[in-house]
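*Asks:* Sequence:
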Amino acid sequence: MKLIVLLLFSCSVFAQGITKGTNVIIISTTMPDSALYKVAGKSLLENGYTINKANRDFMEIQTDAKKVKGRNSYPRLVVSVNDSKVKVSGYFGSEFGLESNVTNDITRITYRGMSGSPFMVAFESMNEYAKGLAATIGGNISYVITK
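Numbers -15 to -1, 1 to 132, taken from mature numbering (1 follows the signal peptide of the UniProt record, and there is no 0), label the letters of the sequence shown in order.
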C-alpha cells in the first residue's frame, strides 16, 4: 500500500507542468560560459531565428522577430549566458489585419492563454528552442516567473 501511495505521489509531482505566468526559461549545465554562448547562438540559427544583436561582453543575444509557420505570431528571443546557465525570455508581436505586415513587438512572452492563442504560440516557440538547446548541451530546464 505504501508503495502505491509513493508511486501515485511521484506521478503527480512530475505531471504538474508549466505554471501559468512563466516568462523565463533557465537551462542549467556545466559548460563554460564562452562555449555555452556559442552553442546557444548556433542553436538559434538552427531553429530559424536571425540574430539582431550579439554582445559577447554581456553574453547576450537578441533575435529578430520570427514568423511562426501557420500562425500570426512573431516571437523575438533574448538569450543570455551567466554562471553556466542560459536564460531565455522574449517578446512577441502579431499582425494587425489580414493584409498588414505591421507588427506590435512589445508583449512579453508568457505562458498563458488558450492553445493556439498568440501568447501560447510564442511561448511554445520559445520553449521549443529551450528544449532543443537543453538536449544538445545535456542541460536541465526550469521555468521561472519574473516581474
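These are computed hints drawn from the structure, not numbers from a lab. Values in this document were obtained by computation on a predicted structure and should not be read as measured data. Note that the Cβ used here is the ideal one computed from N, Cα and C, for glycine as well. Incorrect hints may appear among the rest.
What the hints assert, rightly or not - The calculated lysine-lysine pairs, modelled on DSSO-like cross-linking and capped at a C-alpha distance of 30 Å, are:
| id | residue 1 | residue 2 |
| --- | --- | --- |
| 1 | 27 | 72 |
| 2 | 54 | 5 |
| 3 | 23 | 38 |
| 4 | 116 | 132 |
| 5 | 116 | 27 |
| 6 | 70 | 132 |
| 7 | 52 | 27 |
| 8 | 132 | 52 |
| 9 | 38 | 54 |
| 10 | 116 | 70 |
| 11 | 38 | 52 |
| 12 | 52 | 70 |
What the hints assert, rightly or not - What follows is a list of derived Cβ distance ranges for each label pair:
| id | residue 1 | residue 2 | range |
| --- | --- | --- | --- |
| 13 | 17 | 99 | 20 to 26 Å |
| 14 | 121 | 93 | 32 to 38 Å |
| 15 | 130 | 31 | 27 to 33 Å |
| 16 | 27 | 67 | 15 to 21 Å |
| 17 | 116 | 5 | 14 to 20 Å |
| 18 | 6 | 101 | 25 to 31 Å |
| 19 | 102 | 131 | 27 to 33 Å |
| 20 | 42 | 6 | 29 to 35 Å |
| 21 | 117 | 97 | 21 to 27 Å |
*Asks:* Given the proposed pairing of residue 70 with residue 132, does the C-alpha separation stay at or below 30 Å?
*Replies:* 19 Å, holds
*Asks:* Residue 52 and residue 27 were given as a pair; does the straight-line alpha-carbon distance stay at or below 30 Å?
*Replies:* 19 Å, holds
*Asks:* Starting from the hint 27 to 33 Å, judge whether the C-beta atoms of residue 130 and residue 31 obey it.
*Replies:* Once the Cβ atoms are compared, 28 Å apart, the range 27 to 33 Å for residue 31 and residue 130 holds.
*Asks:* For the pair residue 121 and residue 93, does the Cβ-Cβ distance stay inside 32 to 38 Å?
*Replies:* 26 Å, violated
*Asks:* Regarding the pair residue 116 and residue 70, is the alpha-carbon distance no greater than 30 Å?
*Replies:* OK: residue 116 and residue 70 at ~14 Å, within 30 Å.
*Asks:* Straight-line Cα separation of residue 54 and residue 5 no greater than 30 Å?
*Replies:* 24 Å, holds
*Asks:* Take a quick look at whether residue 38 and residue 52 sit within 30 Å of each other, Cα to Cα.
*Replies:* 18 Å, holds
*Asks:* Confirm or reject the claim that residue 117 and residue 97 have a C-beta distance inside 21 to 27 Å.
*Replies:* At roughly 23 Å between Cβ atoms, residue 97 and residue 117 fall inside 21 to 27 Å, so the hint holds.
*Asks:* 15 to 21 Å was suggested as the range; check whether the CB atoms of residue 27 and residue 67 agree with it.
*Replies:* Once the Cβ atoms are compared, 18 Å apart, the range 15 to 21 Å for residue 67 and residue 27 holds.
*Asks:* Hinted pair, alpha-carbon criterion (30 Å max): residue 116, residue 132. Please report holds or violated.
*Replies:* 23 Å, holds
*Asks:* Within 29 to 35 Å: is that where the Cβ-Cβ distance between residue 42 and residue 6 falls?
*Replies:* At roughly 31 Å between Cβ atoms, residue 6 and residue 42 fall inside 29 to 35 Å, so the hint holds.
*Asks:* Using the C-beta atoms of residue 102 and residue 131, is the stated range 27 to 33 Å upheld?
*Replies:* 21 Å, violated
The earlier numbered hints that this structure contradicts are 13, 14, 18 and 19.
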